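**Q** Residues per chain are reported as follows:
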Amino acid sequence: MQASSSSARMMRISPMVAMRDAAGIAKRNLLRTIRLPGEASVLIIQPVVILLLFRYVLGGAIKVPGGNYADYLIPAVFVEAMLLAGMSTALGLAQDLNSGIIDRFRSLPMARSAVLLGRTISDLVRSVFALALVVGIGVAVGFQFHSSFAAALAAIALVIAFGYAFSWIYATIGLITHNPESAQVIAVLPVFILMFISSAIVPVDTMPGWLQPVARDQPFSVTTDAVRGLLQGGSASPSAWQSIAWSAGILVVFFIIAVRLYRKTNSHS
Amino acid sequence: MELMVEAEVLAKRFGPIRALAGIDLAVQRGTTLALLGPNGAGKTTLVRILTTLLRPDGGRARVAGHDVVADPGAVRSRIGLAGQYAAVDELLTGRENLELVGFLYQLGKAERRRRAAEALERLSLSGACDRLVKTYSGGMRRRLDLAASLIGRPPVLFLDEPTTGLDPRTRNDLWDFVAELVAAGTTLLLTTQYMEEAERLADRIVVIDTGRVIADGTAAELKDRMAGDMLVARVADRADLDRASAIMASLGEGAPHVDPDLQQVSLPTRGGTEVLIAAGQRFSSDHIALDDLGIRRPSLDEVFLSLTGNAGRSLAARPQAGTPSGLGREDTCKLPAAPRA
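Top line first, the protein sequences correspond to chains A and B. Residues in the first sequence are numbered consecutively from 747, following this note's numbering. Residues in the second sequence are numbered consecutively from 826, following this note's numbering.
Bear in mind the hints are in silico, worked out from the structure with no lab data behind them.
Facing chain B, according to a computed beta carbon distance under 10 angstroms, are these residues of chain A, among others:
id, residue
1, 773
2, 774
3, 777
4, 782
5, 845
6, 848
7, 852
Quick list of in silico lysine to aspartate or glutamate cross-link-like pairs, EDC-like style, CA-CA up to 20 angstroms:
id, chain 1, residue 1, chain 2, residue 2
8, A, 773, B, 955
9, B, 959, B, 915
10, A, 773, B, 936
Quick caveat: nothing in here was measured; it's all calculated off a predicted structure. Note that the Cβ used here is the ideal one computed from N, Cα and C, for glycine as well.
Next comes chain A alone, as it looks inside the complex (with noise of 0.2 angstroms):
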């Protein structure tokens, strides 16, 4: 029993193996958008939309601080957009435990961390297509670049970055609901919650004292403040790591329960 299982951890796959496994994956992923692009198009609708109508429609009775709603509202939408489109992560997750063919991949000898890795790849491209859409849209409404290329880069990477760690959230709720239906209901609740509790559509100043800390400190918030710095060519820094942390953190946390909760779900259904 020793002997063997020591052969079995020899028998590991490589990461270089599993990163070609992981590419099969999110290949045969953005094959099944191309062809169902009535799935995505409606995850980067919604970013659109909010973005019109918190621009048009509210953006005249509220007042931020610098007095331009477009230049403090777009920025997040760029945030809110990109995790917007990653919820396909949950649906598409979901999707597969449903439908058999993950018994398939199961069966064969290829990594296990692939079809995780392979949906959140997939998935973070069609997210920074839907995040270019959102930034060609907000230029179109009144959003103006103050800053270097520089600047505007680290600020996408950044929202990015919080984007691909959110995806290991969405992963997690595809994991624990195995059901499309619910893990749409349920990904959209905590995007929604970060969102509306956050600096994104108002200035945290005018909220409740007791929720403000919680307003200003979450990730939501410090990434917006991060893009707006670095976008209007102000200062970004506190924000900008803040923002890292959290990435960081949330990827590295939601990482590890989602691939246990793979593992879980190999043992049984």
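Using the hints, position chain B against chain A.
**A** Then chain B, alone, in the frame of chain A:
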């Protein structure tokens, strides 16, 4: 002879349900073993353990010489699995599905193309290879699923109810194809609910029910065990069923099966007309009115039903203890006791 699949007292529980209660199994290289059993017997659970999808709670299993728990990676690179639910991607074409599987077997581009084309050809899917799988019929999906399980050229193949739900022609084609694979040296373990399928394909048949092996042998041996006739008595009044069963039991031929729905009691017997006459006299002296009393040859299905202790009962009505969807069903959906007439 080399054993390609071995299981020793394999056990698995799902909560309160014992899906496998100590199964022993052995399949020799290049032969076919059919696992025959009703829904919920534990067939799928057993296949999932042998294909490393599920960990057993107890016992040991080796496939192609490798322990399924200690060395699952080695097992996976030597097996193919095709299930009752075709595990293929609907939004990919047939070819893309197979090339993805080839990619995940670490095959190079030229090799996975070649193997995919070859598998499509062998399973008569060449004409549909560039269509999305969602346009495929059920039979085509099942063939593609089988093709996917062959891409890695596995020495051991597991087929979980490969023909359930297929029309008779598709079923026959699939049988021919599988028989060719075995003739070419593949070791096959298949599960089925159909006696006919087991008889057609398998060198040995293992009948399992409620997680246990209840019979094991060649098709001929199993039939011999049941050789003889079936004495069947149908009572006119349902209330006489118990007394009729007692009479049949007293004939010394074995345990009778009672079917309340058909109001009949049946008994395997070798006693011929003497037993028939003896039974007739007992029913007559006990004043039990009969609609029918006779002797007939058992069908293969009756052999199976008799072995699994469900004579006359619908197979489909049993809870599916072996699958997750059936978890707890025995506890939550227990039928109320039948009302007394």
